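Here are the chains, one letter per residue:
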Amino acid sequence: MEASNKQVPVTVLTGFLGAGKTTLLNRILTEQHGKKYAVIVNEFGEQGIDNDLVVDADEEVFEMNNGCICCTVRGDLIRILSGLMKRADRLDAIIVETTGLADPAPVAQTFFVDQDVADRTKLDAIVTVADAVHLSTQLTDHHEAEEQIAFADVVLLNKIDLVEESGLNIVKDRIKKINPFAKIINTKKCGVPLNEILDLDAFSLKRVLDVEPDFLTSDHDHEHDDDVTSLSFVTDTPLDMEKFQDWFSKLLQTKGQDILRTKGILDFKGESDRYVFQGVHMLMDASPMGKWPEGKDRSSRLVFIGRNLENMNLKEGFENCKSA
Amino acid sequence: MKADTSQFPQLDKTKFEQRGKEFEFGIPITNSVCLGNSIAVGFGDGTVRIFRSGKNSKTIKAHNGVVLCMAEDGNNILTGGDDGRFLKISIDGQINEIYNFGTRWVDHVEAINGNIACSSGKDVYYWAKTSKQPKIFSHNSTVGGLSFDTKGRRLAVSRYGGITLWKKDYTNKWTSSNLLWKGSHNKVIFSKDGKYLISSMQENQLHCWRLKDKIDFAMSGYGSKIKSFSFTDNSKYLATSGAIDAICWPFDGDGPMGRKPVCIPYVGNKKVSFVETFPNENAVFTGLSDGSVFLSEIDKEDNTIIIRSFTEHEVSAISITNDCSNLLIGDMGGNILWTSVWDN
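These protein sequence lines map, in sequence, to chains A and B. Every letter in the first sequence is one number past the one before it in our numbering, and letter 172, counting from 1, is 172. So the mapping is simple: our numbering equals the position in the second sequence, first residue as 1, plus 1000.
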């Protein structure tokens, strides 16, 4: 039963217009990988070559009628994923291409909200293809470009052969400021081994534990404007579970539109387990993840990526959750 | 993929399993429709199999992918697939491709009185019985479901934001009106008396319109999406999946507003995944997520019999032949039970 019930991993491929998504898709479809992939595209117009399945879709963003203002899902994905799960052959992975101007949140939220989708598939990772030459301008001019970086688990920094090293470093710093936990891979013509972008399990709660601690402990400067930035907090003082739940649920309810992604590992007073969570806007996946490793210090770490974070009194709110 | 039953004492087969035939195809069963006294079944590998009493089943390689939808069209079946093909298949297995949508899926098919329709993306293609050219009904979002009323003069198309109700006048001209309700609407059906229209939503609820005065209301309280629902022939009850009970809403009198549904419980707290009403009776076949199937009388408490025991695969198809002699049950694991309904 185990094998047949395994959830099929879904990789979401985002990236601004002209960054190289189509190049990457062509690589996936033509490479001799020996796996069976389904690729959900928008007007791709080409057939899979190596035994892969190409599905045409229109991006359809639906508001959920559940009283949650920023809860949107991709209706076309729900339909197509449920159709793909009826196939006789087993898919190794599903890749969803989004259009250049798409906000990745509805795709990610679909996996939190739709039970059928969550039962049979799992969000594996969001991979964002970025153009090393134009990314800085795009980030300044378009919210969508910022969101695509903010949501990324992996950023393929493409066309690095067309920029000087100093320019490349500036772009990388910009990416890290928006999203300190995205893995940045430098590429020319999207030349990347597929195992670095597929089957990463980046959305599993287990992987939250792998978050690089140096990002979490360092303070980041942030601009006092509409830019997407990140903030992180750490404390060795155990947290009060009730206070934390109260603060955090109110925070997501009232500021969920501006908070794009959250991740955290929490040490609650009187609890022997580590609590791990991650969220997209107002939606959250949380669970105890076993005992704290013996001989290691317990601490709580919390990361936010979003807009206007400086106006949310996050530091104060977090401090107030410390147990007396 | 059979359940490991060795740890349990040997379970007796039901009398329906004992006298029927069981098949293990290992491929998800997506649909079934009754075709007179035969039943056609669609599979996840594009195959259609036709079961007939006293004869071997017939296997037809129809689609190069999943049979996404099926409908009965007189002596033929209509199928739509994820290979973009809309097919008419005769009972002896002859395939006629009506339309090819290429890389676009054919999500829904329907037929009434020889008129046929399918949807692909946001468009519904409609062929009148006498016409070779389709008429195209366009919508602003992808079609979630379609349904003709019993006379074939109205076609309900569900979509994001509500239902588009297409009506044919006596000069055969189609006009549309909108029944709006926020959210995404999927499967849609008319009550058999044509008085009500029901849609299932992305949220765990149904939405209902009473067509004479356009009063609309929600039917909620479900633990999961309602993917299967079916009216009894007299339109007295709407039986629904989506909960651990078969929830049967009363549609006699002024309808279900302010009234409680009949909730038919089953042992084990498994989710109801499929329902099909019994012709001309207030009774329902209920298929559960573990593969077991029961037949219950809606009006009488504690009147449930077991038809099939569990397979560990969600029930995805139940059909009974027109003469009520034979019953077919299929599940997502590709198991089929084909059995006579009555004791000999």
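The hints are simulated quantities; they were obtained by calculation from the structure and are not laboratory data. None of these values were measured; they are calculated from a predicted model. One thing to keep in mind: the hints can contain errors.
Said to hold, decoys possible - Covered by chain B, according to a simulated footprint, are these stretches of chain A (three or more residues, beta-carbon under 8 Å): (1) 72-82; (2) 105-118; (3) 151-157.
Don't be surprised by glycine CBs; every beta carbon is placed ideally from N, CA and C.
Hints and how they fare:
1. Given a C-beta distance limit of less than 8 Å, the hint that chain B covers the segment 72-82 of chain A holds, as 6 residues qualify and 3 suffice.
2. A stretch counts as covered by a chain when three or more of its residues have a beta carbon under 8 Å from one of that chain; for the segment 105-118 of chain A and chain B the count is 3, and the coverage holds.
3. For the segment 151-157 of chain A, the assignment as covered by chain B is violated, since 0 residues bring a beta-carbon within under 8 Å of that chain's beta-carbons and 3 are needed.
Of the hints listed earlier, the one the structure fails to meet is number 3.
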